[in-house]
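Participant: Each chain, letter by letter, is given below.
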Amino acid sequence: MDPILQIKDLQTHFFTKAGVLKAVDGVSLEIGAGEIVGLVGESGSGKSITGFSIMGLVDAPGRIVGGQILFKGQDLAKLSPAEMQAYRGNRIAMIFQDPMMTLNPVLRIETQMVETILSHDSSVSKIDAHARARDALGLVGISSPDERLRAYPHQFSGGMRQRVSIAIAMLNRPDLIIADEPTTALDVTIQGQVIHEMQRLCQETKTALLWITHDLAVVAGIAERICVMYAGRVVEQGPNANVIAAPMHPYTTGLLGSVPGQNRRGQPLQQIEGMVPSLMNLPTGCAFQNRCNLVSDICTSTNPDAISTKDGRLVRCHNIAAGDSA
Amino acid sequence: MTPLLTVSNLSRDFVKSLDMVAKVLNRLGQNYREEVVHAVDDVSFSVFKGEIVGVVGESGCGKSTLGRMVAGILPPTSGQVSFDVTQAKNTDIPDALRTQMIFQDPFSSLNPRKRVIDIITEAPIHHKLIAPSEKRAFAIEMLQRVGLDPDTLERYPHQFSGGQRQRVGIARALAVSPEFLVCDESIAALDVSIQAQIINLFVDLKDSYDLTYLFISHDIGVIEHISDRVIVMYLGRIVETAPIETFVKQPNHPYTQALLAGVPRLEVGKRQYEPISGEIPSPLSPPTGCHFHPRCKFATARCKAEKPALREIAPAHFSACHLNDEA
Chain A
1 MDPILQIKDL QTHFFTKAGV LKAVDGVSLE IGAGEIVGLV GESGSGKSIT GFSIMGLVDA
61 PGRIVGGQIL FKGQDLAKLS PAEMQAYRGN RIAMIFQDPM MTLNPVLRIE TQMVETILSH
121 DSSVSKIDAH ARARDALGLV GISSPDERLR AYPHQFSGGM RQRVSIAIAM LNRPDLIIAD
181 EPTTALDVTI QGQVIHEMQR LCQETKTALL WITHDLAVVA GIAERICVMY AGRVVEQGPN
241 ANVIAAPMHP YTTGLLGSVP GQNRRGQPLQ QIEGMVPSLM NLPTGCAFQN RCNLVSDICT
301 STNPDAISTK DGRLVRCHNI AAGDSA
Chain B
1 MTPLLTVSNL SRDFVKSLDM VAKVLNRLGQ NYREEVVHAV DDVSFSVFKG EIVGVVGESG
61 CGKSTLGRMV AGILPPTSGQ VSFDVTQAKN TDIPDALRTQ MIFQDPFSSL NPRKRVIDII
121 TEAPIHHKLI APSEKRAFAI EMLQRVGLDP DTLERYPHQF SGGQRQRVGI ARALAVSPEF
181 LVCDESIAAL DVSIQAQIIN LFVDLKDSYD LTYLFISHDI GVIEHISDRV IVMYLGRIVE
241 TAPIETFVKQ PNHPYTQALL AGVPRLEVGK RQYEPISGEI PSPLSPPTGC HFHPRCKFAT
301 ARCKAEKPAL REIAPAHFSA CHLNDEA
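Those protein sequences? They're chains A and B, same order as listed.
Take 1 as the starting number for the first sequence in the working numbering and just add one per residue.
Take 1 as the starting number for the second sequence in the working numbering and just add one per residue.
For the record, the hints were derived by calculation from the structure and aren't laboratory data.
Ideal placement from N, C-alpha and C gives every residue a C-beta, glycine not left out.
Errors might be hidden in some of the hints.
Sample of chain A residues lacking proximity to chain B, with all beta carbon distances greater than 12 Å (derived) [as the list claims (entries may be wrong)]: (1) 55; (2) 61; (3) 66; (4) 68; (5) 74; (6) 102; (7) 145; (8) 255; (9) 289; (10) 303.
List time: in silico BS3-like cross-link candidates among lysine-lysine, alpha-carbon distance up to 27 Å [said to hold, decoys possible]: (11) 307/B / 270/B; (12) 206/A / 128/B; (13) 270/B / 310/A; (14) 89/B / 135/B; (15) 270/B / 16/B; (16) 89/B / 114/B.
Using the sequences provided together with the hints, build the complete structure.
Facilitator: Shown next, in the form of structure tokens:
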């Protein structure tokens with residue numbers, strides 16, 4: 001089966017006065033129907049810009065300078081802004097971290113939801129659009145949706161607001177949803193509720209989901225495949241269980257080792273020394289070299305290519321030979 | 001053994017007083033009331049020397065208000081926090097300095113117009129712990145303690161990354177040689193790999209300087225890693241306190257159980273989330289009886305009417321739940 005979304009060697013660069021910032025530098029990934037893919041990375045790794053690039057939301061001075069974003073075979077990177085508008089919010093939807101920023105504070109939820117439907121299909125009657133909006137709210141577990149439709153965003157709690165933005169994202173039954181840190185601002189019990197709704201909706205409607213987060217534990221719980229980003233590149237991607245249980249890239253290993261929990265009580269956490277390098281002046285060779293404990297001469301001269309392993313992963317590391325498995 | 005820090009019946013209310021219009025309307029026979037939030041409601045616990053006590057809870061549970069009262073930044077409405085000075089290793093510092101606080105946001109907790117050297121030495125010079133002539137050597141020693149390069153002495157806070165800034169905040173707290181540190185979400189704003197560095201630093205400092213911590217966090221993974229004992233709060237009240245092993249393996253209160261079940265965990269792998277229902281109620285109008293009853297699947301009529309007391313159900317394990325009476 002063809003994947004819903006296929007990104008090939010995407011490059012999104014920002015042309016600033018101080019120089020070219022390669023926020024996304026050669027990212028490739030695929031998502032199939034009904035599949036959840038986790039895109040993990042720390043701040044500045046380019047995970048959000050990857051999401052924005054798919055949505056066509058990269059602002060100047062940023063620009064997609066290379067690669068393809070194939071959505072059902074159509075290259076989104078080549079579309080005009082007007083053509084992209086037809087996809088955005090319709091076939092592809094996005095959920096942001098802060099629902100207060102996504103929802104318009106001076107419009108009723110109803111107005112915002114009906115607008116989303118009518119702007120993509122003007123043949124729908126207002127009554128039908130209203131009914132669809134109400135059903136969508138019910139679907140994400142909001143009780144008494146008729147009353148809630150008349151409310152303004154500030155009358156909702158944080159978790160409720162995030163449900164509303166999920167409902168809006170689902171309105172036009174998109175084929176792909178990009179969720180950028182959708183649960184980071186939420187409390188644990190509310191986060192559980194939102195993850196539960198998203199999991200259910202993806203399974204029921206066969207919507208593909210790209211879940212962008214810094215939280216490895218969250219994607220370990222829901223994703224089929226995990227992509228780990230570092231300094232604008234995907235350093236490791238593969239099936240969830242393999243990546244979490246036996247990481248191959250030193251960065252993934254370090255990241256997993258630094259997650260605190262009950263299992264490592266009394267022992268110091270494994271830490272990755274140093275900091276993420278500035279994207280403005282990345283070292284030649286592997287971007288992770290100055291924090292890596294397996295660094296050798298080749299790492300400082302050549303940037304590693306993605307090597308596919310036996311168990312279906314792609315890893316960018318010189319210490320891995322083709323066909324290796326963990 | 002007597003505790004180092006004892007918190008007894010501590011409460012803090014925040015009152016939104018009536019504005020002019022409401023006062024006038026009240027005279028005309030309207031009935032506007034002041035809005036009162038019981039941010040912390042009759043909380044008692046103790047912390048022993050050398051312990052790390054974790055406080056967990058969701059937003060609005062009062063954990064930060066509690067931390068600020070323990071640190072002495074916020075006066076309580078009633079109740080008290082007492083520090084056992086006889087156990088202090090440092091007898092010649094003023095009592096107010098014994099407890100220091102480390103804040104969540106390393107961007108807003110450091111004065112952007114001061115150099116690191118001044119940020120660190122301001123308090124010890126003011127309290128005459130060091131002479132102004134020792135300033136430089138003292139600041140260098142402090143920076144080395146928290147793992148920063150002494151060359152950064154003359155820098156301003158904006159020239160540091162988030163993790164480094166948090167280290168400066170820790171150095172500032174340590175500069176007055178405190179006995180007790182209150183860490184309020186001190187690592188929540190940091191990236192995972194930097195978080196690990198700071199957690200390790202906290203543990204190292206505890207061992208080398210004989211510190212005691214009250215560690216406040218919403219992140220249960222962090223609490224499980226670092227704490228010896230855990231306090232769980234919900235809407236201003238303590239619902240459970242337990243040693244860490246008990247907290248992880250046999251949580252008693254239904255809220256603690258739900259909280260632990262909802263935590264995403266690496267070792268569990270892919271799973272179907274089955275969350276508890278319901279929102280966190282507004283602290284302005286908390287539910288009657290047990291605050292958790294509208295979301296609790298075991299709730300009975302009694303839970304709705306009567307506030308459960310925090311009772312010891314096993315040695316050092318306290319829980320506030322009516323279900324324990326029936327068993």
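Participant: Now look at each hint and say whether the structure bears it out.
Facilitator: We went through each hint and held it up to the structure:
For residue 55/A, the shortest C-beta to C-beta distance to chain B comes to about 24 Å, beyond the 12 Å cut-off, and the non-interface label holds. For residue 61/A, the non-interface assignment is confirmed: its Cβ lies about 22 Å from the closest Cβ of chain B, beyond the 12 Å cut-off. A cut-off of 12 Å between C-beta atoms confirms that residue 66/A is not in contact with chain B; the least separation is 28 Å. The Cβ of residue 68/A sits about 30 Å from the closest Cβ of chain B, beyond the 12 Å cut-off, so the non-interface label holds.
Residue-level check passed: residue 74/A sits 31 Å from the nearest beta carbon of chain B, beyond 12 Å. Against the 12 Å criterion, residue 102/A stays outside the reach of chain B, whose nearest CB is about 19 Å from its own CB. Under the 12 Å C-beta cut-off, the non-interface status given to residue 145/A relative to chain B holds; the minimum distance is some 16 Å. Non-interface status of residue 255/A relative to chain B is broken: a Cβ of that chain comes within 12 Å, the nearest being about 6 Å off.
With a least beta-carbon separation of about 15 Å from chain B, residue 289/A lies farther than 12 Å from that chain, consistent with its non-interface assignment. Here residue 303/A stays apart from chain B, with its beta-carbon at least about 21 Å from theirs, past the 12 Å limit. Between residue 307/B and residue 270/B the alpha-carbon distance is near 38 Å, which puts this suggested pair outside the 27 Å criterion. Distance hint between residue 206/A and residue 128/B is unfulfilled; the C-alpha atoms sit about 68 Å from each other, more than 27 Å.
Taking the CA atoms of residue 270/B and residue 310/A, the gap is near 22 Å; set against the 27 Å cutoff, the hint holds. Our distance criterion of 27 Å between C-alpha atoms is met by residue 89/B and residue 135/B, whose separation comes to about 23 Å. Distance restraint check for residue 270/B and residue 16/B: the Cα-Cα separation of roughly 46 Å exceeds the 27 Å cut-off, and the hinted pair is therefore not satisfied. Among the hinted pairs, residue 89/B with residue 114/B is inconsistent with the structure: their alpha-carbon atoms are about 31 Å apart, more than 27 Å.
The structure shown violates the earlier hints numbered 8, 11, 12, 15, 16.
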